[in-house]
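Now for the letters of each chain:
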Amino acid sequence: MDGPFLIALGLIASGDPALTDIIALSLKVTLTAVSIGCLIGLPLGAGLALAQFPCRGAIVVAFNALMGLPPVVAGLLVYLMLSRSGPLGDLALLFTPTAMVIAQAILILPIVISLTRSVVEDLWAEYREQLRSLGAGRLRAVPTLLWDGRVSLVTGILAGFGRASAEVGAVLIVGGNIAGHTRTMTTAITLETSRGSLGLAVALGIILLLITLSLNAAAWGLAQSARGRLG
Amino acid sequence: MFSNTRAILLCAVSSLGSIVAVPAFAQDFITVASTTSTENSGLFGHILPLFSEETGIEVRVVAQGTGQALETGRRGDVDVVFVHARSAEEQFVAEGYGVARFDVMYNDFVIVGPDSDPADTRAAQNAMEAMTAIAQAGAAFASRGDDSGTHKAEQALWSAAGIVPEGAWYLETGSGMGATLNTAVQVPAYALTDRGTWLSFANRGDLTITYEGDPVLFNPYGVILVNPERHAHVKAQEGQAFIDWLVSDAGQQAIAAYQVGGNQLFFPNAQ
Amino acid sequence: MKVDKVIAPAQSILPLQLRAVGYSVGKTRLLDGIDLTVRAGKRLVVMGPNGAGKSLLLRLCHGLIAPTSGSVSWQTQDPRPAAQAMVLQRPVVLRRSVRANLDYPLALAGYARAARDEMVQKTLARFGLIALAERPARLLSGGEQQRLALARAWALRPQVLFLDEPSAALDPSATRAIEDLIGQFSAEGITIVMTSHDLFQARRLAQDIAFLHRGRLIEHGPAAQFFDAPQTPQARDFLGGALIW
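Residue numbers (the working numbering), protein chains in the order written: chain P, 27 to 257; chain B, 35 to 305; chain Z, 21 to 265.
What the hints contain is simulated information worked out from the structure, not anything from laboratory work. Mixed in with the good hints there might be a few duds.
Stated by the list, open to error - Examples of chain B residues toward chain P, derived with CB under 8 Å:
| # | residue |
| --- | --- |
| 1 | Val95 |
| 2 | Gly110 |
| 3 | Ala213 |
| 4 | His267 |
As the list claims (entries may be wrong) - FRET-style restraints, in silico, Cβ to Cβ:
| # | chain 1 | residue 1 | chain 2 | residue 2 | range |
| --- | --- | --- | --- | --- | --- |
| 5 | P | Leu53 | Z | Asp98 | 48 to 56 Å |
| 6 | P | Leu53 | B | Gln170 | 52 to 60 Å |
| 7 | P | Leu70 | Z | Ala244 | 56 to 64 Å |
| 8 | Z | Gly209 | P | Gly73 | 37 to 45 Å |
| 9 | Z | Ala145 | P | Leu65 | 37 to 45 Å |
| 10 | B | Gln271 | P | Leu117 | 21 to 29 Å |
| 11 | Z | Gly162 | P | Ala243 | 32 to 40 Å |
| 12 | P | Leu32 | B | Gly79 | 19 to 27 Å |
| 13 | P | Leu70 | Z | Thr96 | 36 to 44 Å |
| 14 | Z | Gly46 | P | Leu65 | 38 to 46 Å |
| 15 | Z | Ala40 | P | Arg82 | 31 to 39 Å |
Note that the Cβ used here is the ideal one computed from N, Cα and C, for glycine as well.
With these hints in hand, go ahead and build the complete structure from the sequences.
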């Protein structure tokens, strides 16, 4: 058995189309889920930071706890919703990339919401009087605070990306790991492990790690330069 | 920063569009629930392109344990189930979830274990004796424990031998065939596996086949169309075309032609 | 909602009248029975020892907080007219460029893009900020940030400007620059209401003085009179440098 690193290098060098398809699908699913998570989570998190209503504390605690939602449970819930015998069965979404996006978005959402809430809450304490003085009400403050908190928010969004891209339980259940259709990096690793092709599995893991690493490095560099430029 | 954020957002939104659009582009396809052992053996990679080429129908295989595969069929989430647990399959049809069961092929189960064979299963006259020897020696045994076809076959052997497997030697992995074999390699432990998975399994370590050949280890595969009367969306025509092809001469020859390391994995037996 | 606002002298929002204004947190009365009229065109300096309620009084006038008793009313009956601005004791500049910081309140006020660009450019020039226009505001020096905060308030075309310790924590040359700007604002006809703990600054800038002590307004009148002949023992002690509270 060749070393996993050699296999990984060989795979990358060969540019195997099956592998590039899997990588492309993984990135597509996760990036889409992260985008949806941000579109919903950023305004919701900021709203939660600024809003005052009864049970607010309970909701904050609930979203914090949901960050630890086991992916398999999220996957199972989405499966039961999307199954033909479930309430959304007519959409025929089970075993499709869209189903995987939904499951991952559910995993990412609590992370984005909780992080946004904490970042925006801190900023709000600092900005509150100034924004009010300049004529911004609570609603108008939301985009301002999100934009001024952008460097910290990127860190949290990356954490969400990390959770989604490393996740296998949920996408396996709702995607079905169908070759050429819903097979992602993580489900491919699971499959190769179950076939006893441990070298290939580790090689795929190395590639996944490299992708995550480069995305994180890029975002970190971006955040560093932004910190330097924006103070 | 600003322009970058915008670019990422644009990119993400456009990829969302393309993913959501996927169902619209899908041409003829059916979804088949099958077992991890079949998927892991590599059989589908060999026969499905032949079928698709002939009919233009794409086959999407979801590999699960037999129990889960039948449940997926019951829920109507696939068009065809292709599994190996005869009595469960017959019950599936009797309950009206499946149209009819067709024999497709068989392979056999083998007992694998450490080369040193601490329970001396090589001397066993039949499978029951081999299992009894393992239990009496208290030698480690890794069980699927997942209600799969293989697990059901194993349980049938224990009960035929009059043994209730329990104790420190009996390890239930609760996972697929491959994962169970990986565990068995590490312990090392005996395990019951289908020959197909074993032949294509790469991480054998010190494990080897210590008992084989008893007719009770015969492992038949059946294929069933999910009943469109239960689930109207089932692609009955395309699903039946797949079943017809599997039991046709062309399908049976394709199955017989699949080899790993010079060994034939599955033996066609359609009537 | 971008309406093209006409930048023209509107009806005067002054005088501002405070009637029996009190402010309490729980059982603690921080301000009590304040009667004060802020007339147009003057430079009013609110003085008093630490904790007397100077900053609170300005925030009440500006409308950041509401009094728990009494009333704060503008000539126009508008609860919080737009033609007034405040520079907080620790102004927050946004994490964006100097230009964007100036544009932000104008956008909130509903000015259209073209009008905003023109006003921002004029403000940058007026405050010597053109060279710094694209710099991140958070990276400016303390003096530059204070200048930006004043410019941001000035760009709103206020009739009255509230300044809370505008030169606290600045070095003497930056303080001089800020005081020059305040003098110029006043010359342009902007009414100034500011707090200061610095007696010398108050002497340089004040036309009127309001003296607060323990949440009560105990002297209010022309600056010369206050400095030459304070009416209350507390004011005399304060001016004499005695520690009072």
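Problem set entry | Supplied distance hint 37 to 45 Å, evaluated on CB atoms of Z:Ala145 and P:Leu65 | 40 Å, holds
For this session: So, B:Ala213 near chain P? Judge it on the closest CB pair being under 8 Å.
Result: With a closest approach of 5 Å, the B:Ala213 hint holds.
Problem set entry | Status of the given 21 to 29 Å range, CB of P:Leu117 versus CB of B:Gln271 | 22 Å, holds
Exercise. Taking the CB of P:Leu70 and the CB of Z:Ala244, does the distance hold inside 56 to 64 Å?
Worked result: 58 Å, holds
Exercise. Is 32 to 40 Å a correct range for the gap between the Cβ atoms of Z:Gly162 and P:Ala243?
Worked result: 35 Å, holds
For this session: Check the following: the C-beta atoms of Z:Gly209 and P:Gly73 are separated by a distance inside 37 to 45 Å.
Result: Roughly 42 Å apart at Cβ, these two residues keep to the hinted range, so it holds.
Exercise. Taking 38 to 46 Å as the hint, is the beta-carbon distance of Z:Gly46 and P:Leu65 inside that range?
Worked result: 42 Å, holds
For this session: Mind checking the CB of B:His267 against every CB in chain P and telling me if the closest is under 8 Å?
Result: 7 Å, holds
For this session: With 52 to 60 Å as the target window, see if P:Leu53 and B:Gln170 comply at their CB atoms.
Result: Because 54 Å falls inside the window, the suggested range holds.
Problem set entry | Outcome for the supplied range 31 to 39 Å, where the beta carbon pair is Z:Ala40 and P:Arg82 | 36 Å, holds
Exercise. Taking 36 to 44 Å as the hint, is the beta-carbon distance of P:Leu70 and Z:Thr96 inside that range?
Worked result: Given a distance of about 39 Å, which is inside 36 to 44 Å, the answer is holds.
For this session: Could you see if the CB distance from P:Leu32 to B:Gly79 stays within 19 to 27 Å?
Result: Holds, at about 24 Å.
Checked against the numbered hints given earlier, the structure satisfies every one of them.
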